[in-house]
Amino acid sequence: MHLPAPAPPLRGFLLRLLSRLVGFAPLRNLLLGKVRRDARIPELPAP
Amino acid sequence: MSKDGIAPLLEAFAAHRDDPVAALERALQAADRALADKALLWRVPSARAEAEASRARWLAGTPRGPLDGAPIVVKDCIDVAGLPTTNGTRFLLAPAKSDAAIVQRLRAAGAVIFAKSNMHEFGIQPTGINPHHGTPVNPWDATRIPGGSSSGSAVAVASGIAAAAIGTDAGGSVRIPAALTGLVGLKPTYGAVPGEGISKLTKDLDCAGPLGWTVDDVAALAGAMLGRELDAAATFERPALLADFLEGAEHEVQQAVRSAIVEVFGRLDEVASPLSRWAAAVEFVVVGRDAAELMRELMATHAAQLGADSRMILRLGAGLPDEDRRRADAVRAAMRVELLALLQVHDVLFAPAAGRLAPPLHKGAQSAGELDPRGLAQLAAVTFPANLAGLPACTVPCVRTGLPVGLQIIGRPGGEAQVLAAARRVQAAFPPRRPPRWHGA
Numbered sequence: 000m001h002l003p004a005p006a007p008p009l010r011g012f013l014l015r016l017l018s019r020l021v022g023f024a025p026l027r028n029l030l031l032g033k034v035r036r037d038a039r040i041p042e043l044p045a046p
Numbered sequence: 000m001s002k003d004g005i006a007p008l009l010e011a012f013a014a015h016r017d018d019p020v021a022a023l024e025r026a027l028q029a030a031d032r033a034l035a036d037k038a039l040l041w042r043v044p045s046a047r048a049e050a051e052a053s054r055a056r057w058l059a060g061t062p063r064g065p066l067d068g069a070p071i072v073v074k075d076c077i078d079v080a081g082l083p084t085t086n087g088t089r090f091l092l093a094p095a096k097s098d099a100a101i102v103q104r105l106r107a108a109g110a111v112i113f114a115k116s117n118m119h120e121f122g123i124q125p126t127g128i129n130p131h132h133g134t135p136v137n138p139w140d141a142t143r144i145p146g147g148s149s150s151g152s153a154v155a156v157a158s159g160i161a162a163a164a165i166g167t168d169a170g171g172s173v174r175i176p177a178a179l180t181g182l183v184g185l186k187p188t189y190g191a192v193p194g195e196g197i198s199k200l201t202k203d204l205d206c207a208g209p210l211g212w213t214v215d216d217v218a219a220l221a222g223a224m225l226g227r228e229l230d231a232a233a234t235f236e237r238p239a240l241l242a243d244f245l246e247g248a249e250h251e252v253q254q255a256v257r258s259a260i261v262e263v264f265g266r267l268d269e270v271a272s273p274l275s276r277w278a279a280a281v282e283f284v285v286v287g288r289d290a291a292e293l294m295r296e297l298m299a300t301h302a303a304q305l306g307a308d309s310r311m312i313l314r315l316g317a318g319l320p321d322e323d324r325r326r327a328d329a330v331r332a333a334m335r336v337e338l339l340a341l342l343q344v345h346d347v348l349f350a351p352a353a354g355r356l357a358p359p360l361h362k363g364a365q366s367a368g369e370l371d372p373r374g375l376a377q378l379a380a381v382t383f384p385a386n387l388a389g390l391p392a393c394t395v396p397c398v399r400t401g402l403p404v405g406l407q408i409i410g411r412p413g414g415e416a417q418v419l420a421a422a423r424r425v426q427a428a429f430p431p432r433r434p435p436r437w438h439g440a
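These protein sequence lines are chains B and X, in that order. Counted from 1, the first sequence has number 9 at position 10 by numbering that gives the first Met the number 0; the numbering is strictly sequential. Counted from 1, the second sequence has number 90 at position 91 by numbering that gives the first Met the number 0; the numbering is strictly sequential.
Just so you know, the hints here were simulated from the structure itself, not pulled from any lab data. For every residue, glycine included, the Cβ atom is placed at its ideal position computed from N, Cα and C. Hints are all accurate, no fakes.
A few chain X residues facing chain B, derived, Cβ under 10 Å:
id : residue
1  : Ala279
2  : Ala303
3  : Gly306
4  : Ala333
5  : Gly374
6  : Ala380
All chains, full assembly: derive it from the sequences and hints.
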């Protein structure tokens, strides 16, 4: 199975903080870009 | 075969050695002893009257069938009239106006629904961690997660509180907690079980399913939920191993699954579903987009009250571009075709039910949840394909010592009886085991 790239898990204070910060679009887009790349979403075969 | 679960209870009811009211009392006492384990959120006030009615039927020799008087619990995303459906949150407290369709069906079959069980908030992750209500304790090892999202349902059964339970599964949420706590769990064919009165995580993945000690108990519950009896004499031919589903799984899981299959079925054909390798990426997109859309109103009004992991996933999911969704939908459709082609040749397909043994429960996760896409995918990538393709799939324990490991069995649409027939073969070789933490009588 294709698994996401290794990345440190988010927990506790850091997760709480980031989950609030991603309410701001620029920060959300930044983190979303990383999560998409890690999860290999852009590599999904094209239709 | 098992001293726990529904069938032994009903045998005792039939012989008048036990009765549904006494069974309910024992379940409630076990729930009292297990309060710290956080498996249950609400008790159902009408349970006593239902147990008394069931006792009267048994005394009159007119029981309704193989569930009559069995004390069971349902996940707290399923409506039970008069009680909240929190969906794992701390703020959805309005009482449901009516019973979910499956609750009506289970009650019509005589089941005594006595409590509602804890869960991962919105069922959005397969860990079962809940920072609002506490995380249900895995009775095999309290330092590990119970699996989710139907965590409370699994723990209630595995630790001896309930005879069986109902969960829901949009990506493995019945099969994963069942696998990690040593139970049998079934996700029926998508759409075969009515979804009215059940809170949804996605538009077309969620499916209610039973968890129990034995395949026969799960078959009895599934029969009531599906509204058709499952043929206990069903047979299956040409089973095969989905070998690529083992890639990326922990070594112990791979070894347990392979050796159980060889022991029970001998050497099998090994097949591959290359598109299923993309299951984690596809599921992330589908769940992210659907959940963000379905919860948009809640996010507007209650974002601050959500668990940090839910809030993060919903915010990120809302930002996924349309192109991601188009690609995910296309891969999903092709994955279904690929799996159905394999199921034209093979009646059932085997795979692990979870790619990991129960992972550790970290302290920081208990208070705020956890976001670990790789760990999540390693655990659940093997369960996603059956949801994405709408296929029935069950898990059945496949080890005799150590932490539980589940063998997943996937079948054709409508093929629940064949899936469970294969599971019966496995359970005959790997009987149910009680965990060290036990609250039952």
